[in-house]
Amino acid sequence: MATSSAPGTDLSTEISDALLGEAVELPPGLGPWRLAWRRLRRNRVALFFGGVFLLILVLCLLAPVYAKHIAHQGPAAENITGTVKVGGKAKDVVSTTGIPVGPTWHSRYFLGADENGRDVAVRLLYGGRNSLEIGFVATAITIFFGLLVGVLAGYFRGITDGIITRVLDVIWAFPAVLLGVTLGVSLALGGIGPLHGNTLMVPAVVVGVVYIPYVGKPVRGQVLGLREREFIDAARQQGLSHARIMFSEILPNLGSTIVVFVPLILANAILLEAGLSYLGAGVQPPNPSWGTMIADGIRTIPAAFHNVLVPGIMLVLAVMSINVFGDGLRDALDPRSKVRIAR
Amino acid sequence: MLAFAIRRLLSMIAVMFVVSVLTFLLLAAIPNGDPALRLAGRLATADQIHEIRVKYGFDKPIYVQYVRTMKNIFTGQAYSYTQGFNVTSEIKQGLPATVSLALGAGVLWLFASILVGTLAAIKAGKYTDRVLTVLAMMGVSFPPFFLGAVLIYFLGYKANIFPLGGYVKLTSNPAQWFTHLILPWVTLSVLFIGFYSRVLRSTILETQSQDYVRTAQAKGLSSRQVLIRHILRNSLIPIIALWGLDLAQVIGGGAILTESVYNLHGVGQLAADSIAKLDIIPILAVVLLTAFAVVLIAALTDIMYAFLDPRIRLT
Amino acid sequence: MTRLARRALPVVVTVLAVVSATVLAACGGGGGSNTSGGSTSASTSQAKNGGTITLIGGVAPDSLDPGFGYTTQAAEPDWLSYTGLVTYAHKSGTAGSELIPGLATALPQASADGKTYTATMRKGLKFSNGTPVKASDFAYTVERALKIPWGGSGQFIAGNIVGAKAYAAKKASSISGIQTDDATGKITIHLTAPYGAFLNVLAFPSLGIVPSGTPMKNLPNNPPPGVGPYEIKNIVPNQSYKLVRNPNWGQGALNIPGIPAGHVDVNVKISSNVDANALSVVNNTNDVYDWADTIPGSLLPQINSQAKGRYQKKVMNSTYYVFMNTQEKPFNNQLARQAVVTGLNQNAMSRLSSGSLIPGCYFLPPGMVGHPTAPCPYGDPAKGGDIAKAKQLVQQSGMKGQPVTVWSQQRAPRQQWMTYYTSFLNQIGFKAKQKLIADASYFPTIGNLKGHPQTGFADWNQDFPNPIDFYLLVQSSSILPTNNENFGEVRDPQIDSQSKKLGEVPTNKLNTIASQWQSLDEYLAKKAYIGVFGYQTFPALISNRMSPNYVFHPLYGWDWSSFSLK
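Protein chains in written order, with the working numbering: chain B, 729 to 1071; chain Z, 417 to 731; chain U, 559 to 1124.
Just so you know, the hints here were simulated from the structure itself, not pulled from any lab data.
What you are looking at is a predicted structure, and each value in this text was computed from that prediction instead of being measured.
For glycine and all other residues, C-beta sits at the position ideal for the given N, C-alpha and C.
Only part of the chain Z face toward chain B is listed, based on derived beta-carbon distances under 10 Å:
(1) V431
(2) T439
(3) I446
(4) T549
(5) M554
(6) P560
(7) L563
(8) G669
With these hints in hand, go ahead and build the complete structure from the sequences.
Written out as structure tokens, the structure reads:
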């Protein structure tokens, strides 16, 4: 995540003609969506990882069930001086020198404990809920505002375009992590307006804002092309209002772009949240997230490496599933697109 | 062309101006982040806090503070609040580590991604392509601090092959410099290899279907010659442009997470540490440096494109 | 942001050497025997001279300029490079808390009313740059510390010396309460009120004499010349610096009794990965581990096997506690506060910091004069808390279900402590939630009275070995609108009057009033004004190149002038 760059010059975010609705080589009788679905169905790898992601999602949603019926403790329940049976012997959950117990492979502390004697498996699932929730909310924010500013800039051009493009340039010129941390630190403390410091909404909004230009810029480019097309001219001549044209004529044509962007932004949002949490500007305790769990775990290297490994693997697996599935989706909709987000 | 360059330059300055103003405002808005309170120390009286406000100019309106801070940064007279170090010299101190990280990783990720991307394109749709896709996707899914922790744990603590972090100057010990940087290079590169190889793969696929490639094939050139002389040469242009931008980011301190997890004391870590101390001056300086590097390279790229491809209208 | 505390030196204390039985066992016995203060002089005379060693620390000094530096990481080298009129004996354990004359010919004498101190500057002293030392340099040094300003200047200088406040506020061109005579070397200091710890104030490294005319600003890259066995050189900000022996130390006028010359030069490296730092000392790549950094519990087994006999735990005078706001619900109720003190499981909290805490209930730490010997009023803290009793007390107090915000710093283990504390408060019947604040703005945040902080993390590391340094934090006169340090807004007439009276007794006569301090501290514990959760121990870890005959000073930790190679 290192760098946060820049999809940069339009070249990296340009959307090829296929997305503009002129699907080439269309077999007769098949719409672009059906065609894409056909292509996607053939991509077993992508489907497999799509399934993996769904599985992770369902598991995380079932976190309260796991906590109540299997682990018998909640995500914030601490048990620092307690003991747990491992292989028939009672073992300290946290040793007197502060080393948490590793995976027991039993219902309690299945994946071990963290420093505060909390059940890592329970926190992993609850943390996943938080990470994914932030990811989804951030993605919604990014897509909504990215579309809004992209469509406005592309449709009205001129001064509107000038202002919006400059604003996007500004956000874009910040390194994403640096911008995120700065925003996170200033907001996480006091919050602003309805955003209270300790809620998940702060990192979600921060992450969402950071990625707006990555959607806004390519959408703008696409709308610039669309507005010159005949059907828009036709709509204009019928006397439809600007809002109507944007909403019912232009927006539907952006469908496949949005579909391509959603997994891309989602994956990156989850990663950026993890990065912010690592730097202390993300999810605030005692709420877990995969990022905060890794960050906390790094403190107990080398004795309790499971505290890093468990949330880390889960995070990589989830993000990778989204990415592979998203890549398949992209291929299916537009084999030649180069849409990309660098971080 | 000249008019275009000037326009780009002006908009570059405007962007950097807004970036600096925003950063300044954001950090000034932190509740109880008033540096005077922190500087005054234990049980300071209202008088003393007031003295410090006056001394550092915190009593002035925010735009006056902004102008003063920016002036100090550009004249090399800016000092961090918490430690009193000259920020320009702190950045200069961090640059060798950051540049070493950027260049080494840059070379690594550029060549590796050309290799992987080309292979994936040649084998498009085949088994190899699928495997490479998954690997590339795995690469872009690793947060650097997690990958760093894993590498340090297994190759540092367990196998004892690599140091646990830190930076050694090239001039003081080249061998140590190298061993200290291998893991950071790999960590940073993994992400980019994932991205670049995917971009390159689709660019090659697109180029393959161009007329001039078909012509070359029809002329009876071997597929290897076509690949190298025609396809790759054209497909690499966007990759190199991207490479320039990302490199600029890393040099500007953008590799915060990698620098932090390996404790390289570079520009990015300076920014991270300063954020932890809520010390606005170094944060502002690093943000400006990064923004400058990115905006400059972006402008250069655009100009280069215009130069290479006369069809692009400069607006 | 020092690791230890944002302010002050953690100072002193007795080296209680190693602590509990568990610790002893963990140290494999080798660490058990402590290097006592007594052996110092003998060992130093035999110590080998020459060579360079490397000290590795996780946190950089706030500034090596004594006029600004206030953290342990700064005080340690500054103590050896900037001698003041008064300094501390170079000895381990309580012996090191003894005040001895530094650049003054004898300890400054107090007048009968305790408001005037007189001293004489030694003759023939020279700064490291060759400039002769004058009596007026003392006045200049004090003015500079006020102007920069040094973090302790408000409390210790402006709060005590006549005219210092006016000088700091630019209402006077010099401090009216200090008179110096360069010809005779005589120095007179007038105090606004008697202050028993004033000699301790003069011993702060920040009042180590610098030449008149030194710029009145923090010089972190190039600290000013000083008088001492060492000189600070080659500063690379936040990365490294070097302490080089003063070749003239111990000769002529620079032969000051009790301040020995160093044996080795010391390279200091800063690297924030403390695990790696500890390992590098275990593996003998570096020589000395910064005692102010914690050694992760995960490394202790390895240290005990590979560095047996090179690692010890040391105690210094610092207390960790949760403040409870005595003016706000629910902790304005004594039963509610008692519930916290009764139920808090200090063993659990210790595990959150690699087992580094010694349990206790008194504000004054074990190494401090006045630390009570009576059993704790609300149960033995070493046994872990009594949750059932605590629940009952909350019930009785009528505060059950009250919302509580727990304020917390971000850095480990403080954040983890407060996470535990929050969950504990919920367990005994409050509705608690944790509020995390960036480390740098934490104390200004909870020190802002308008925020009405209810409870949260607090700590104190002594500035000097006198209980008044701790009691300042619970005097009602210390309650300030901003930068308040009496976080719990404790207002108790008995504490106010008694601590004021005891605070006027000079540090070297503390033994005469030890029992009075004890009863006051017992009173504070009985009222449950603060919830003490332990005293920190610190690691002393060296490489096998180093001679184990070092001095571990009660105020500054490592005494670098005692380091030598085997």
